[in-house]
Amino acid sequence: MTDLSFTEEQRDCLQELINVAMGLASDKLARFLNTFVHLQVPAIGLVNAAEIPEQFRGQYQGLNSSMISLGFFGDGGLRGETILLYQLENAGKIAALLGYDDDATSEAEMLTDISSILTTTFLNGLAEQLDNSFSYAAPRIISSRDNDFISKLEQTAFHWQLALKVDIRYELTDYSFDCNMILLIPGEAVLKLKAILDNVLAEF
Amino acid sequence: MALTALICDDSLLARNQMKKSLPAAFDAEIVTATNGLEALTVLRGQEIGVVFLDLTMPELDGVGVLEAIKAERMDVFVIVVSADIQPEMQKRVMDLGALAFIQKPVNTDKLSAVMRQYGLI
Amino acid sequence: MDIDWLSGPLLQQLNSGVILLNKQLQVVYINPYICRRADIQLESVQGKDLFSVFADAPKAWLSRKLNSVLSLQSPAFSSWEQRQYLFKLPHLRPVSSANQYMAQNCNMLPLTEPSSGEHFVCLLIEDATDAYVYQSQLQQSNLQLQQVNRLDGLTGVLNRNYWQQQLEVEVQRAGRYQHPLSLLFFDLDKFKRLNDEYGHQAGDIVLIEVAKLIGSLLRETDLFGRYGGEEFAIILPDTPLEGAIEVAKRICQRVAATPIEYQQQQLMTSVSVGVSQFSIATSADELIQQADLALYQAKRNGRNQVVTYYPELIDSLKKVKT
Numbered sequence: 001m002t003d004l005s006f007t008e009e010q011r012d013c014l015q016e017l018i019n020v021a022m023g024l025a026s027d028k029l030a031r032f033l034n035t036f037v038h039l040q041v042p043a044i045g046l047v048n049a050a051e052i053p054e055q056f057r058g059q060y061q062g063l064n065s066s067m068i069s070l071g072f073f074g075d076g077g078l079r080g081e082t083i084l085l086y087q088l089e090n091a092g093k094i095a096a097l098l099g100y101d102d103d104a105t106s107e108a109e110m111l112t113d114i115s116s117i118l119t120t121t122f123l124n125g126l127a128e129q130l131d132n133s134f135s136y137a138a139p140r141i142i143s144s145r146d147n148d149f150i151s152k153l154e155q156t157a158f159h160w161q162l163a164l165k166v167d168i169r170y171e172l173t174d175y176s177f178d179c180n181m182i183l184l185i186p187g188e189a190v191l192k193l194k195a196i197l198d199n200v201l202a203e204f
Numbered sequence: 001m002a003l004t005a006l007i008c009d010d011s012l013l014a015r016n017q018m019k020k021s022l023p024a025a026f027d028a029e030i031v032t033a034t035n036g037l038e039a040l041t042v043l044r045g046q047e048i049g050v051v052f053l054d055l056t057m058p059e060l061d062g063v064g065v066l067e068a069i070k071a072e073r074m075d076v077f078v079i080v081v082s083a084d085i086q087p088e089m090q091k092r093v094m095d096l097g098a099l100a101f102i103q104k105p106v107n108t109d110k111l112s113a114v115m116r117q118y119g120l121i
Numbered sequence: 001m002d003i004d005w006l007s008g009p010l011l012q013q014l015n016s017g018v019i020l021l022n023k024q025l026q027v028v029y030i031n032p033y034i035c036r037r038a039d040i041q042l043e044s045v046q047g048k049d050l051f052s053v054f055a056d057a058p059k060a061w062l063s064r065k066l067n068s069v070l071s072l073q074s075p076a077f078s079s080w081e082q083r084q085y086l087f088k089l090p091h092l093r094p095v096s097s098a099n100q101y102m103a104q105n106c107n108m109l110p111l112t113e114p115s116s117g118e119h120f121v122c123l124l125i126e127d128a129t130d131a132y133v134y135q136s137q138l139q140q141s142n143l144q145l146q147q148v149n150r151l152d153g154l155t156g157v158l159n160r161n162y163w164q165q166q167l168e169v170e171v172q173r174a175g176r177y178q179h180p181l182s183l184l185f186f187d188l189d190k191f192k193r194l195n196d197e198y199g200h201q202a203g204d205i206v207l208i209e210v211a212k213l214i215g216s217l218l219r220e221t222d223l224f225g226r227y228g229g230e231e232f233a234i235i236l237p238d239t240p241l242e243g244a245i246e247v248a249k250r251i252c253q254r255v256a257a258t259p260i261e262y263q264q265q266q267l268m269t270s271v272s273v274g275v276s277q278f279s280i281a282t283s284a285d286e287l288i289q290q291a292d293l294a295l296y297q298a299k300r301n302g303r304n305q306v307v308t309y310y311p312e313l314i315d316s317l318k319k320v321k322t
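Protein chains in written order, with the UniProt record's numbering: chain A, 1 to 204; chain B, 1 to 121; chain C, 1 to 322.
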């Protein structure tokens with residue numbers, strides 16, 4: 001079986017690349033949303049995708065949560081899917097944050113809008129670090145507050161061998177809301193990613 | 001006497017990138033620290049001319065290091081090297097006495113420009 | 001091979017819409033796919049503000065979104081599932097589809113002109129009408145199916161099963177938010193005799209007409225169900241006892257005063273009503289039991305009247321039984 005695990009150097013390298021990408025994304029977001037985005041060192045872990053639903057069951061079960069997925073493709077076989085998880089207590093805050101005063105905007109639309117902004121700014125920054133560029137599929141709501149979203153996550157995670165789990169808390173000065181981001185990367189793309197990281201490491 | 005420079009970053013990649021990007025004209029001995037607390041121990045224990053300081057770190061972050069340097073009136077140049085480049089953060093560290101702010105990832109051109117400006121090379 | 005020649009004919013024949021805007025959101029280019037459907041000439045709209053060309057487009061939201069594409073240099077999306085269409089365009093299924101406008105998926109992409117470095121935003125628009133129609137039909141059938149499962153076949157009010165589920169929900173809600181909640185149980189007086197005298201068909205017509213009459217006296221939020229045979233029940237959310245008695249009396253009076261026509265005959269009927277309220281009763285089962293006791297007492301008192309539950313009713317019932 002092919003070894004998908006990361007060496008300590010590879011993990012450190014990826015962590016730093018993600019920090020830099022987060023920095024780029026936060027700067028863009030702060031300018032766009034006119035608020036200060038507080039950065040935390042994101043917890044990065046490579047986990048067996050099958051374990052993720054169980055981890056989130058404890059964290060989100062019983063809360064009004066929503067899950068939005070967005071797929072991305074890069075050059076050289078790098079591809080994956082990001083999943084954003086929200087608690088829906090503060091949908092109104094998100095609307096204000098996005099500058100929507102238009103009543104016609106539904107909660108679902110707000111969530112897909114904020115999700116595509118959060119993920120694409122971050123992934124664009126990551127692609128830049130990797131000398132790559134990503135194209136994106138439209139965001140999709142895989143679950144809403146009425147559905148059992150853990151079971152949906154179970155079905156989704158099934159397709160991925162390994163997940164790069166990046167827990168990001170977006171904390172803004174004026175509006176704070178919780179949001180977890182998970183990057184899911186299929187096995188063969190993990191191999192590509194490892195090769196790319198080795199190239200970066202060889203440079204330094 | 002050659003200068004001693006401290007590179008403080010929790011990431012090995014970032015420390016290596018930093019070392020490799022230092023301009024050849026910069027004649028200094030390099031020491032490293034992997035978080036803010038380690039950096040303060042080094043700063044208190046030996047004479048350091050310049051610190052290349054990351055902001056987002058475990059244990060004690062870069063802002064905490066700057067606050068300690070200011071409180072203890074240490075005589076050291078601080079160049080912040082960070083991924084967090086928001087205008088508000090830049091202002092905060094400059095107010096705390098940082099000399100300059102460099103956006104990650106670092107490269108020799110960015111570093112040379114700043115170091116030349118402050119007479120470090 | 002040089003493929004510069006390709007983009008022109010491709011944009012001409014592409015089966016998707018392409019709208020290119022500059023930083024001021026003015027039209028730089030619109031491909032024939034959109035021009036033909038919107039019945040506009042490219043030459044006459046070039047340089048014009050997007051929202052003056054498409055006056056019906058959701059301006060506040062869309063301009064905020066397009067500006068995010070420009071300032072973040074990240075793509076944005078709009079799906080027909082959240083917003084059926086951005087631009088009012090006709091679609092090519094005018095006969096088989098009931099909705100008027102093309103359902104649209106839209107990608108909004110940041111583009112940079114290489115030589116000048118100038119930023120543009122490009123809207124790619126796809127027709128999603130087929131998916132929309134299919135989804136709507138599916139939803140429609142699901143809704144019908146759901147209704148069939150919830151309603152009483154004869155009278156069209158809620159069936160017992162669904163009504164009882166709703167009672168559980170309302171009792172929980174009233175308990176959680178400390179809201180009043182009342183229950184009415186009622187029964188058609190001497191219904192058996194009516195059936196014997198005029199036949200089951202007449203009985204059915206009376207049930208249908210009485211249900212219709214009472215339904216017209218209720219609010220949207222009241223939950224009206226058939227409990228069994230000629231017995232009905234009404235959940236009155238956010239209603240204290242006095243309000244419930246008021247409703248019950250009105251039901252009594254109106255049913256007794258309204259003749260029901262059956263084969264050129266005027267049939268007269270009446271109802272007896274029992275009332276119970278949440279807080280005296282602490283569970284759905286107790287609410288039902290107490291309303292049922294009160295209804296029984298109304299029958300004993302001579303029918304065509306309202307009785308509110310009171311604790312002594314339990315004792316009086318015991319006396320009858322012994």
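Check each hint, because a few of them may be wrong.
[Said to hold, decoys possible] Some, not all, of what chain B presents toward chain A, calculated at C-beta under 10 Å:
1) THR4
2) ALA14
3) LYS19
4) LYS20
5) SER21
6) GLU29
7) THR32
8) ASP54
9) PRO87
10) MET89
11) MET94
12) PRO105
13) THR108
14) ASP109
15) LYS110
16) SER112
Because the hints were derived from the structure by calculation, they are not lab data.
As the structure is a computational prediction, the values presented were derived from the model and not from experiment.
For every residue, glycine included, the Cβ atom is placed at its ideal position computed from N, Cα and C.
Each hint tested on the structure:
no., hint, verdict
1, THR4, "violated (22 Å)"
2, ALA14, "holds (5 Å)"
3, LYS19, "holds (8 Å)"
4, LYS20, "holds (5 Å)"
5, SER21, "holds (9 Å)"
6, GLU29, "violated (20 Å)"
7, THR32, "violated (14 Å)"
8, ASP54, "holds (9 Å)"
9, PRO87, "holds (8 Å)"
10, MET89, "holds (8 Å)"
11, MET94, "violated (15 Å)"
12, PRO105, "holds (6 Å)"
13, THR108, "violated (12 Å)"
14, ASP109, "violated (16 Å)"
15, LYS110, "violated (13 Å)"
16, SER112, "violated (18 Å)"
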